[in-house]
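Asks: Please build the complete structure, drawing on both the sequences and the hints.
For the record, the sequence lines run as chains A and B.
For the first sequence, the numbering used here assigns the number 4 to the initial residue and increments by one for each residue that follows.
For the second sequence, the numbering used here assigns the number 11 to the initial residue and increments by one for each residue that follows.
No lab work stands behind these hints, which were simulated from the structure alone.
Keeping only pairs whose Cα atoms sit at most 30 Å apart, straight-line, the calculated BS3-like set for lysine-lysine is:
#	chain 1	residue 1	chain 2	residue 2
1	A	Lys27	B	Lys390
2	B	Lys468	A	Lys74
3	B	Lys152	B	Lys118
4	B	Lys468	A	Lys27
5	B	Lys449	A	Lys57
6	B	Lys462	A	Lys80
7	B	Lys462	A	Lys34
8	B	Lys449	B	Lys462
9	B	Lys82	B	Lys48
10	B	Lys269	B	Lys48
11	B	Lys344	B	Lys367
12	A	Lys27	B	Lys411
13	A	Lys27	B	Lys449
14	B	Lys468	A	Lys80
15	B	Lys414	A	Lys27
16	B	Lys468	A	Lys47
17	A	Lys34	A	Lys80
18	B	Lys462	A	Lys47
19	A	Lys47	A	Lys57
20	A	Lys28	B	Lys468
21	B	Lys59	B	Lys47
22	A	Lys28	B	Lys390
23	B	Lys82	B	Lys246
24	B	Lys162	B	Lys147
25	B	Lys411	B	Lys390
26	B	Lys468	A	Lys57
27	A	Lys28	A	Lys57
28	B	Lys411	A	Lys28
29	A	Lys34	B	Lys468
30	B	Lys90	B	Lys150
31	B	Lys462	A	Lys27
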Amino acid sequence: MEEKQSAYYWQKVVGNTPLNIDLKKLKEASKESFRNESDNYKQKLVYNMLEAIKNNDQSRFFNILLRAINKPKENFKQLWETLEQNYDVMPNEAFINFAYTIVLGIMATYAGGEKSEQ
Amino acid sequence: MEKGAQQTNKLQEVSALQFTGSWFIDAGILGFINLLKKVYGWDLDQVRKNFKEQFEIVLYGYFPIAYVHYNKNQQNPFLKEEERPTFNFSTNEEIFEDAWRFIERRYKDKNKNRIDLIPSRNFLMFKNFLFFQPGCKVEKQKDYFMQILSLKNVKEDILRHIDKTVNKFLPSAEKFVNLSYVESFITQKTLLDFHPYSLVFLLCFPFAFIRGLGKENENYFFYSPNLEFTYRINEKLAIFLERLKENEVGEQILRITWKTVIDSAIETQSLWSLENMYIIKHKVGNQQKIVSADYIGIPKLQASIIIDETIRENINITIKLENKKVWLLEEFIKGLPLYPIIVNYVTAVLNSKDYKKLARRSVLYSLIVEAKILEFRAQKEKLNKSLFSENYFDNYRSLLKEIKEEIRFTSYKASLIQNFLDHDEHKERLARELLNSLKGEDKNMFLNILLKDLNEEKQLCTNSNFNNWIFEKIIINNISWKNYALILVMNLLLGRRRS
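Replies: Written out as structure tokens, the structure is:
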């Protein structure tokens, strides 16, 4: 399948290498990482994240996100790696796509939903 | 030898009776055909066949008789078969002599010693023209006819008369954006270069117009550079326009023309002729003038999409907004954006609370078609390819396929939101907030409002069809996200209908 061009909305050149945000990969990482957290915790986390995104507050959003995944014993390795490769200060439009991707990834993991992801 | 061959070529060219590319001469060619149709009952194919097989007889025999007969019998111009003269193949002059004898015998006013031609209705603009002048006696009239038919050398003063009479019908080049070459071609040489019988067609151009419509008593002529297409459209248009009430003509003319054009284009699959089309409007009165020449071309991209019956039928709808009605197909073929209209439409439906009236499929089709065009163009830009690449038509075919697939996917996936939220008031409030964010084109606000409510609905959040659709169509889509977002809002309201 041809990869959608728009998935790499934001691009930045570091040295000679273009740095892309692969949002599909990011969503998968977010989903995998938060799978084992409780629904209540995640709903609250999503709510706080949404508030930060609403105000275009990047530092608040990353503060919430980094605190949430700063748990070495838990399964956040993939997300850390993805973030390390991709994270930088972004223009607002790119930030919105980035942040909602993470939120939607978390929302896909609620245990209360009847259908779970394959 | 060479000269003979050239003449044969010229003759073949003439006898094919084709459009020249100059709308004014072409209106004359159509008028010529219409005149023969009215007097002898020949349709386009018959006129062409007769013109090809015996064009001297048609031109020097049948045409002058038709012209005079029509002038004297405007209410019922059909000339019965048994009343028509027969012509033998002989010289052009002899054919004309036969015709003129017939004309004199039948129509000459002995007291005035002239064929008393009446400059009214279709002939009004020829008031002071040659054989119409009251002082012009029969011999002079015959002489002028022969000049028009190129049986005698054309005297310059003929052209002066023609110039005076018809040049006001030639609009400036600015009005004809795609036909710069219509500008001031009225000289004997240029006229006859266009067509050796341009003078005949100049006499006939009023017959191309559909006469006296609406309060303003204006005359209409649809023009495209293709004779069959123009003939067919004007024929149908005349029927449609006659059915209209007086006060409807002005506002309906473009709509009806488009409807006719689209029907005929689909019938004949002649999409290529859709780009250079005009509606020419003129008014006959003391000051004969062109009222307007509207360019009504349909861009190829839009034309190739509406050729699909399902898509066309779904966009071919008039929707009611708060203070006006909009015909979606018209906006679409004008190349105007549909999204702002649909936002207002969905808002109007929400305000009226009459959700049963929501034209679900039309909204879905309009928005998806538009989204896919936007994506198609963005992709083209990205690949830096010209829109008219070699794969032009293949690209269009694949675009149609993509539209249809997307309609299938999105109509299912977006409909999943219909089961969302239990209370009608809640749904309506959410729909209103989402619509407001869409009006402001605020993606952040839209997603924020949506996801906050969705966060309470775990089942819908984890539905992978729905979750992935939001991700792909709205979050990572910066080109056409609004269209998909609006489809989602519509579905939210449709859910309201069920509860």
